[in-house]
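Keeping their order, the protein sequence lines are chains A and B. Terminal number for the first sequence in this note's numbering: 132, no gaps in between. Terminal number for the second sequence in this note's numbering: 1153, no gaps in between.
Take every hint as true, because none was put in to throw you off.
Restricting the straight-line Cα-Cα distance to at most 20 Å, the calculated cross-link-like pairs of lysine to any residue (SDA-like) are:
1) Lys108/A to Arg1089/B
2) Lys96/A to Tyr1099/B
3) Lys1043/B to Glu5/A
4) Lys73/A to Asp1055/B
5) Lys1043/B to Ala30/A
6) Lys1112/B to Arg7/A
7) Lys73/A to Ser1053/B
8) Lys4/A to Asp1072/B
9) Lys4/A to Gly1067/B
10) Lys1043/B to His80/A
Since the hints were made in silico from the structure, they are not lab data.
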Amino acid sequence: MERKEIRVKDKENAGAKSELTYTGPVFLPAVDILEKDDAVILIADMPGVDSEGVDVHLNEKDLTISGQIKEEKFGNAYIHKEFQTGDYLRTFSLSKAIDGNRIEAIMKNGVLRIVLPKAETIKPRRIEVKAG
Amino acid sequence: MTIFRLRNPFYEQFRDFLEMNRVQDEVNRLYENFFGRRPITQKMNVFPAVNVSEDDDNLYVLAELPGVEPDDVDITAQEDSLILKGVRRIPAEGDDVSYHRREREDGSFNRKVTLPIHIVPQKVEAVTKNGLLKVTLPKADEVKSKKIEIKVQ
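This is chain B alone, in the form it adopts within the complex:
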């Protein structure tokens, strides 16, 4: 027995279109699950790139500054912002050298990071280690999360 299926050409096209949408949704859903609904990284195009994280008491700003001496970095903290300013020096290698490849860059940087909450500028601390700059910014009291007790009546 032969079965003939009647198909509406318009519906066929429409169905493909729906399928595309479904695939798109699926991909988006995967990304959201893996990376928590945000793009993997956000680009600001100002050196240095920073990551900002937090816990209950502090904000942390992390920047990759390989080869930058601690003395060459100036950090200015305000209640709601942080400025990272400095120079990256690449020492000259002498006159008798020829370059095969030159990908590392020297120069100055001046980056302002606007903080999402208020911090205590007087208590900001910074350390460099292995070319990473870590700035610890204690949260202002009024923005710290508070545990709310539920009273029994």
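The following block holds chain A by itself, in its conformation from the complex:
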């Protein structure tokens, strides 16, 4: 099967969306958000971040994910630079009630996957239609 070619995307600066107490670029990770019957799943690309560098924080309905990269020095001078490296930060406002105690997050190959189980009360119910 022929696959389409991936386009290059510029990293978007998290910029004014949050105030930081340290300097350095902070980017918005690219995310997929999908919904299943029982959970909302959020997948974020954060290359350079390992599981220890990730922080997932749920405050009421605001979900904040942040990732700190492990700065590794390669060589002593850049001769060509196409992308910047920096930490990641993004906040989402969840529209559904989430069961905060059962949130699971996995970091693999620079991709963060968060499973946010829906609270019992808002799971879709199938409503039986009775014949009258």
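Assemble the complex: chain A is given as a structure, and chain B must be docked to it using the hints.
Then chain B, alone, in the frame of chain A:
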């Protein structure tokens, strides 16, 4: 006492113009100082974006490939170039899902990076870690920097 200053309107305009130039120069100078005379990043519009760095013995090519399995990347090194070819797969989530947001992209990539100096293709090594691909390319002997001794006569 009142002081009247005579001003030449032409000179006034010209002075503003000079001031603009000066501001422009100042901004340029700041950028040069901060970023070493180059634009911050250069765009090639081919995925993946790469950074190339060096030390005395090696060139390093760094690319961000989050979610790409090492088995899905083919690296071909020649004396003066490097080809990064591969696929980024995003596994299907099943039939019962609906998407709120879809920013991540899957697909193939095939990127050739022309190297500024010769390297030893047989000794090229690559590792992936946390979604970063790091390729180490040892410099060919003839391009390694040599220390020149100064003889005393």
